[in-house]
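Protein chains in written order, with the numbering used here: chain A, 2 to 135; chain B, 96 to 224; chain C, 4 to 303.
Hint data in this document are derived by calculation from the structure and do not stem from the laboratory. Backbone N, C-alpha and C fix where the C-beta goes; we use that ideal spot for every residue, glycine too. Among these hints, one or two may not hold up.
Straight-line C-alpha distance at most 25 Å; calculated BS3-like pairs for lysine-lysine [unchecked claim]: (1) C:Lys264 / B:Lys196; (2) A:Lys94 / C:Lys227; (3) A:Lys135 / C:Lys227; (4) C:Lys264 / C:Lys227; (5) A:Lys135 / A:Lys111; (6) B:Lys196 / C:Lys227; (7) A:Lys135 / A:Lys6; (8) A:Lys128 / A:Lys94; (9) C:Lys227 / A:Lys111.
Covered stretches of chain B (in silico footprint by chain A; criterion: 3 or more residues with CB under 8 Å from a CB of chain A, positions within the stretch not fixed) [as the list claims (entries may be wrong)]: (10) 117-130; (11) 142-156; (12) 184-191.
Not everything, but these chain B residues come out facing chain C in the computed CB check (under 10 Å) [to be verified]: (13) Val174; (14) Val175; (15) Gly176; (16) Met177; (17) Arg178; (18) Pro179; (19) Thr197; (20) Leu199.
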Amino acid sequence: MTTQKSERLEIRSSDDVVRVRQLTRTLAIAAGLGLVDQTKIITAASELARNTLDYGGGGFVLAEQVEAVGRRGVRLTFEDRGPGIPDINAALKDGFTTGKGMGLGLGGAKRLSNEFSIHSTSGEGTKIMIARWK
Amino acid sequence: MDRIPILKFGNALLVTIQVDMHDRLATALEEDLTSRIVENNAKGVLIDISALEIVDSFIGRMLDNIAAVSRILDADTVVVGMRPAVAITLVELGLSLTGVKTALNVERGMALIQARLKMSDAEDDDSEE
Amino acid sequence: MAGNVGTVAELVGGNEQTILSEWVELQKKSGGLQTGRITENEVVSQSRDFLHLLRDGLAKGGNDANNPAYGPARQMLADISRSRALQGFSPGETATFIFSLKRPLFNTFSGNAGLSPAQVAELTWNVTLLLDELGLYTLEVFQKSREEVIVRQQREISELSTPVVKLWDGVLALPLIGTLDSARTQVVMENLLQTIVDTEAEIAIIDITGVPTVDTLTAQHLLKTVAAARLMGADCIISGIRPQIAQTMVHLGVELNVVSKATLADAFAVALDRTGRMVTKQRKTASSFERSKAPAEKGQ
Numbered sequence: 002m003t004t005q006k007s008e009r010l011e012i013r014s015s016d017d018v019v020r021v022r023q024l025t026r027t028l029a030i031a032a033g034l035g036l037v038d039q040t041k042i043i044t045a046a047s048e049l050a051r052n053t054l055d056y057g058g059g060g061f062v063l064a065e066q067v068e069a070v071g072r073r074g075v076r077l078t079f080e081d082r083g084p085g086i087p088d089i090n091a092a093l094k095d096g097f098t099t100g101k102g103m104g105l106g107l108g109g110a111k112r113l114s115n116e117f118s119i120h121s122t123s124g125e126g127t128k129i130m131i132a133r134w135k
Numbered sequence: 096m097d098r099i100p101i102l103k104f105g106n107a108l109l110v111t112i113q114v115d116m117h118d119r120l121a122t123a124l125e126e127d128l129t130s131r132i133v134e135n136n137a138k139g140v141l142i143d144i145s146a147l148e149i150v151d152s153f154i155g156r157m158l159d160n161i162a163a164v165s166r167i168l169d170a171d172t173v174v175v176g177m178r179p180a181v182a183i184t185l186v187e188l189g190l191s192l193t194g195v196k197t198a199l200n201v202e203r204g205m206a207l208i209q210a211r212l213k214m215s216d217a218e219d220d221d222s223e224e
Numbered sequence: 004m005a006g007n008v009g010t011v012a013e014l015v016g017g018n019e020q021t022i023l024s025e026w027v028e029l030q031k032k033s034g035g036l037q038t039g040r041i042t043e044n045e046v047v048s049q050s051r052d053f054l055h056l057l058r059d060g061l062a063k064g065g066n067d068a069n070n071p072a073y074g075p076a077r078q079m080l081a082d083i084s085r086s087r088a089l090q091g092f093s094p095g096e097t098a099t100f101i102f103s104l105k106r107p108l109f110n111t112f113s114g115n116a117g118l119s120p121a122q123v124a125e126l127t128w129n130v131t132l133l134l135d136e137l138g139l140y141t142l143e144v145f146q147k148s149r150e151e152v153i154v155r156q157q158r159e160i161s162e163l164s165t166p167v168v169k170l171w172d173g174v175l176a177l178p179l180i181g182t183l184d185s186a187r188t189q190v191v192m193e194n195l196l197q198t199i200v201d202t203e204a205e206i207a208i209i210d211i212t213g214v215p216t217v218d219t220l221t222a223q224h225l226l227k228t229v230a231a232a233r234l235m236g237a238d239c240i241i242s243g244i245r246p247q248i249a250q251t252m253v254h255l256g257v258e259l260n261v262v263s264k265a266t267l268a269d270a271f272a273v274a275l276d277r278t279g280r281m282v283t284k285q286r287k288t289a290s291s292f293e294r295s296k297a298p299a300e301k302g303q
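Only chain A is shown next, with the shape it has when bound in the complex (with noise of 0.2 Å):
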């Protein structure tokens, strides 16, 4: 897999999460995914940054265009130095809170997306990675 682009964003307050959203568009206009492919790209994209914001303590991400076997894609990697998350099932189940807790974010952006990998310690942070692909 080569990377052809990449740019890294602070997650440090809402403004920050349309930004995220925004590069995001760019790089999956520029890796040709369809316009569905593209909405849900974005709006995965949009639900980690604002998990980042709200329960990582701010972060940042770092939004790649990707190429593989003669596809391309795009590549976000979410990280922050929260307080990582104790039960990883638990929250990618869905349940769609109105106050504290993840609700939709992390089974949504999971269900949105071609491949996701997650890695979380309690007390260290969490890491999140989506991709999709054309």
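Given the coordinates of chain A, assemble chains B and C onto it according to the supplied hints.
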């Protein structure tokens, strides 16, 4: 700070969301709508999202909140103009927006509000007899 | 050897007409022309153009088919190969274009009095290697073009088998045929939703008469489609549920919380009613009755 304009549209309020909203804007909209519903004694709220390319769980929650608050204030909320790509994504995301009524466009949304008003008026008449 | 290659380019250039006519003859003999898919004039002009590009490559790029000097030649081969793939030529017929050039070139070398047998052998060998590479390139492009056609056809089949039909103003029907996997569901959803927007439909009838089995996964896909249509303000009715399917669904605990009707006709009736319409029978008027009686009376 910019606020999203709210128009009076018959006995309803019309909101057209055209920008990629950040959190403060969304909160301001909820507050503004709440006061305007009371001010204008509005019976319906039409939220036109035909310009939105992305609806994430945050916006989804905002729409649910607006619908819940409006209901308490005796007004119907109808979300109109959702784009196909957005609908497909929301379903995949798992956002059902059950508390929110939907219509294809402003015209249909308005018709929906009027129809429900007629029905509830008829019910009120029945119960009074 | 550089001197070698310069000679080849000059030889090709100097004997162009002979090489060209021999080459065209060989192509004709190989039968590509007989099917009428390509005319002799086209063959002649393609061959002539290619010879020029080949000569340029030979002059500047040596024997390496991957040298940039052969760029234009490769491009032309790619174009020919692609268009022949689409026109229905076989891979062999397309590669013959290149390979049949070997003999005319060999004839040119061996017929040249100024070249020793050793030189003729070396020239022939180098040119053969070069043409082999170009020939293989032709085949690769051909293969790729055919694959692109297949992928495109698959997509078309997918779309063809999910047509959205307008039954009436504001009422759409989506007759599903075949299994509903996640890839097809995507296509179905996109198609249906776009048509809902385009026709301003209020109701979409999804007919599953042609869907062989409805398991949990298929049901999920159906429900997703219904949910997406609802988000856009259109209601769905499912029709064509066969008795066996109904039983399977109950056994699996699948719940389709959407209005369902046994037949498309029933669903259509419901849709018409919901959109405020009525179907009435025409009454035969008195005058039309008279008219059918009159001629018989006159005849008497």
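Results for each hint:
no.: 1; hint: C:Lys264 / B:Lys196; result: holds (24 Å)
no.: 2; hint: A:Lys94 / C:Lys227; result: holds (18 Å)
no.: 3; hint: A:Lys135 / C:Lys227; result: holds (22 Å)
no.: 4; hint: C:Lys264 / C:Lys227; result: holds (19 Å)
no.: 5; hint: A:Lys135 / A:Lys111; result: holds (17 Å)
no.: 6; hint: B:Lys196 / C:Lys227; result: holds (17 Å)
no.: 7; hint: A:Lys135 / A:Lys6; result: holds (16 Å)
no.: 8; hint: A:Lys128 / A:Lys94; result: holds (18 Å)
no.: 9; hint: C:Lys227 / A:Lys111; result: holds (17 Å)
no.: 10; hint: 117-130; result: holds (count 3)
no.: 11; hint: 142-156; result: holds (count 7)
no.: 12; hint: 184-191; result: holds (count 5)
no.: 13; hint: Val174; result: holds (8 Å)
no.: 14; hint: Val175; result: holds (7 Å)
no.: 15; hint: Gly176; result: holds (8 Å)
no.: 16; hint: Met177; result: holds (5 Å)
no.: 17; hint: Arg178; result: holds (8 Å)
no.: 18; hint: Pro179; result: holds (4 Å)
no.: 19; hint: Thr197; result: holds (4 Å)
no.: 20; hint: Leu199; result: holds (4 Å)
Of the numbered hints listed earlier, not one is contradicted by the structure.
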